[in-house]
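K.L.:
Add chain B to chain A, keeping to what the hints say.
The residues making up each chain are set out below.
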Amino acid sequence: MALPEENNKFEPDEYNPEEMKEEMLLQYPPKVARKRAKQIVINKFGSDGEVGDISPNVRTVPGLIGQRGCCYAGCKGVVLGPTRDIINITHGPIGCGFYSWLTRRNQTDASTTPDNHNFMTYCFSTDMQDEQIIFGGEKKLALAIQEAYDNFHPKAIAVFSTCPVGLIGDDIHTVCRNMKEKLGINVFGFSCEGYKGVSQSAGHHIANNGIFTHVVGTDDTEHDGKYKINLLGEYNIGGDAFEIERIFNKCGITQVSSFSGNSSIDKFANAHVADLNLIMCHRSINYVAEMMETKYGLPWIKINFIGANATAKSLRKIAQYFGDEELIAKVEEVIAEEMPAVKQSIEEVRPRTEGKRAMLFVGGSRAHHYQELFAELGMKTLSAGYEFAHRDDYEGRRVLPDIKVDADSRNIEELDVKPDPLKYNPRKSEAEIAKLAEAGLKMSEYEGMMPDMDSGSMVIDDISQRESELLIESFKPDIYCAGIKEKYTVQKNGIPMKQLHSYDYGGPYAGFKGAVNFYNEIDRMVNSKIWKYLKAPWQAHPELAAAYASD
Amino acid sequence: MSDDYTSTTNACKLCKPIGACLAFKGVEGAVPFLHGSQGCATYMRRYIISHFREPMDIASSSLGEKNAIFGGGANLKQGIKNVTTKYGAKMIGIATTCLTETIGDDVPSIIKQFRDEEKALFESDNSPLLVNVSTPSYGGTHMEGFHDAVKVLVDQIATEYGKDESINLLPGFVSPADIRYLKELLSDFNLEGVVLPDISESLDGPALLDYQKISEGGTPLSKIRSMGKARATIEFGRTIFGNLTAGKLLDSRFGVKNYSLGMPVGLRESDEFFSVLEEISGCKSPEKHVLERGRLIDSFVDSHKYIFGCKAVVYGEEDLVVGLTSFLAEMGVQPVLCASGGKSKKLNKEITAVTKGLVDLPIVRDGVDFYDIGEEVAELKPDLLIGHSKGYSLAKKYGIPLMRVGFPIHDRIGGQRVLHLGYRGAQALLDDLVNLVIEKKQNDSPVGYSYM
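Top line first, the protein sequences correspond to chains A and B. Taking my numbering, I'd label the letters of the first sequence as residues 1 to 551. Taking my numbering, I'd label the letters of the second sequence as residues 552 to 1003.
If you are wondering where the hints come from, they were derived from the structure by calculation, not from laboratory data. C-beta: ideal position from N, C-alpha, C; glycine also.
For lysine-lysine, the following DSSO-like pairs were computed, each having C-alpha atoms within a straight-line distance of at most 27 Å:
hint, chain 1, residue 1, chain 2, residue 2
1, A, K492, B, K764
2, B, K670, B, K628
3, A, K535, B, K764
4, B, K764, A, K38
5, A, K476, B, K764
6, A, K31, B, K632
7, B, K663, B, K632
8, A, K35, B, K764
9, A, K155, A, K139
10, A, K38, B, K617
11, A, K492, B, K641
12, A, K139, B, K896
13, A, K295, A, K435
14, B, K835, B, K734
15, A, K404, B, K617
16, A, K139, B, K894
17, A, K492, B, K734
18, A, K155, B, K947
19, B, K764, A, K21
20, B, K628, A, K38
Not close to chain A: a few residues of chain B, all C-beta gaps over 12 Å, as computed:
hint, residue
21, E838
22, F859
23, C861
24, K900
Computed beta-carbon distance windows for the label pairs:
hint, chain 1, residue 1, chain 2, residue 2, range
25, B, E767, A, P351, 38 to 48 Å
26, B, G639, A, L400, 37 to 47 Å
27, B, S660, A, D109, 51 to 61 Å
28, A, D109, B, L931, 29 to 39 Å
29, A, S474, B, G639, 16 to 26 Å
30, B, D911, A, E413, 51 to 61 Å
So that you can see chain A by itself, here it is in the shape it has in the complex:
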């Protein structure tokens, strides 16, 4: 059952994007304007169908209030944060640990691991003081690890460095190694000081490297179950992972591990026994997928479970990869079962959302994925951009060979991974992969956000608050999607604002049931009557008030 076809032609009505871009750049000094000009792109398709260049993943200009977080946030907050049974110790003064204390609304189900450990509601910190800044913090870190072990007996402890740690030269990795030996559990560290890289993206990479080095491949247990996959780059915000797991179960697909929504460290350790990696958020997790492919022969495909059509498409891709008639039939059966409820909801909601206009400035994948849901509602995406993505997330992996590596990225280690002499096992032969590609299923492929956006829409990387104000003033979108920092600024402008990091207390929005939740949420938001009441009656009709006064 197909959903209504989306309309691919974006026709800017009263607004000219070229003029908008010019206006945005005018406010800057020449040097900043030149830099921003390469990050504000009007989407165009060349004769070969390829999109234009964009220059993301460069430093934010000081003093321009933006959206980005830091390396520590990407490493501890995003990638490792959603794993329930690792004790994450922040090595640093108290702030960083406090601010990343379960603020992303990651959910987890601790009843599925035998020990029921869930440390996600805790915030562990070495709470460095003057004394450690002067004399070093290694001793305090070792004691903190010991205390965490004594009080909670976790299976693993991870340590995350904040800015001062790198500056004073604490060697967290040696402390971790020593404590690992002493305690007999896995203890490992991440040098994810906030000043590293240009955004949280650096932290994702460091997290990927750390998990791959210290955890993945340490448990070779083979489990029962057919069609074994790992789900990568899904963080179970608002219960998304639960909905995706429900669909996998229904289809008979076995999820070996998840990086890292609703995850457990034991599953990371065993991830290499799966037969396919599914990448949801390409930006934050492609490194682990690449390394697993090189070391264990496990291929990856890009999928997306945001949007009912996208979910169906992703399930079909998985079935196509395994090529098993039983799975192919089962997937079709599940899609046929799930779609009527979706379609019914769309029929109800779409008359009220059709033609409305959205903007999305979020993440390294979400700004792309959520356009699917808006399209299903008949809504147009006028403008979108990422906070911390790289060129491949915008233009597709075809540009990978052309990406210039600057000093900030060069400082983030690229691991030298080789095929494992014992465990390397290519799941598909080159011939099989070529055959799948011919049939339309390309391995290791992500085409990026821009090819999916309309010609003439604005693509803006690392948008600044001033730029978003200009956009809002001129375009007056019906809904604006970003994070909590932007939420109230946008709403003061009378525009409904949906948080796509934390989902505004809502969710799940993934899968079939999630799509229906999202339709209802957007319907509620874009059709809210509250904005009408902004003006009091005497402001809306001054002549009335004057008449009363003269009575």
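P.N.:
The following block gives chain B in isolation, referenced to the frame of chain A:
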């Protein structure tokens, strides 16, 4: 019970620069600015916003690895310039972070250089005032950051000598609702007052027809300039770290008499505050407030049967804990633990003073986290928890009702509108607290009484 854990598990304090940003946000036309990695600004913005549900801009000098090695001066200068030209800030409140304190950036001299280099920028009428405070988060909590920022605002802006009829009110970190109440009170006493900082509108603004780059409200800079002329200063907070507070600074530099009071939470602390207002203004307390006091006493009598003998655990910022403890004691609630992540070394003395003669001296613990508080709660088995949202996991674990006050409140709406101060605030707290106890009793009853 171990009280010598080295690490901090579930902190009961926030970091120093966030306090400075909150204080700077209470100055008219101000943009807080963090000199450090951009993550600090992002984290603190998102945290402040989750409580106030209002825009909260904090600019950043966005230092990278290179700057961490070679110094962040150039970024700081570029950042100040961009904030000046893009946002039209009247004041930029620059706070340092662990990063820039550890590498030893000398912010005052960078600012001085910048002024010399950018003469044109500082000659115009719209040029911003630059205020800077040192806030390494390895040296104190958000409250030290808050009070240090208030102190530098006074130190660096209040330069005018002379005498006028105004009074200065330094309320500390209280809610926008509290500030609105204090301003009403000053007006009712016919006092011309400067409340510093004033977040009553800048962090609790109305829905608008037109967006403003910098939110309205905040203490006007012209008023801060003339704080040295005031008749008197009233400064809330008995546990402010160190000896030189903003109020004392105004006293020693300008001879403005400083009345140092506790945060006026509950009856007695409010009585003391009203007495000072009467003394300074030469007016009797206005009838409206006398009536509020009368109703408060009346409700103490009405509610006593529900809450007498209840045991409460109070946690949060030290001055708020002192105020709440004083209030609980006069209601007949027994505080059993008074805890804070702060460490002014004054908490024990102040708690002793406010509980004396009314209830047993509770356990007082400073510099603790929720792991420590949790161990105490397990032993003490209190009937009530009073503090911010971070106590929720204990409330859930032990099935104890939690009354949310202070900051941060991010699991309820209206944190910015919780009124803590004065007779009116005490009345609101009392009703909430007693109803929480009644609700628990009602829910726990197998009968389903609707007449309690």
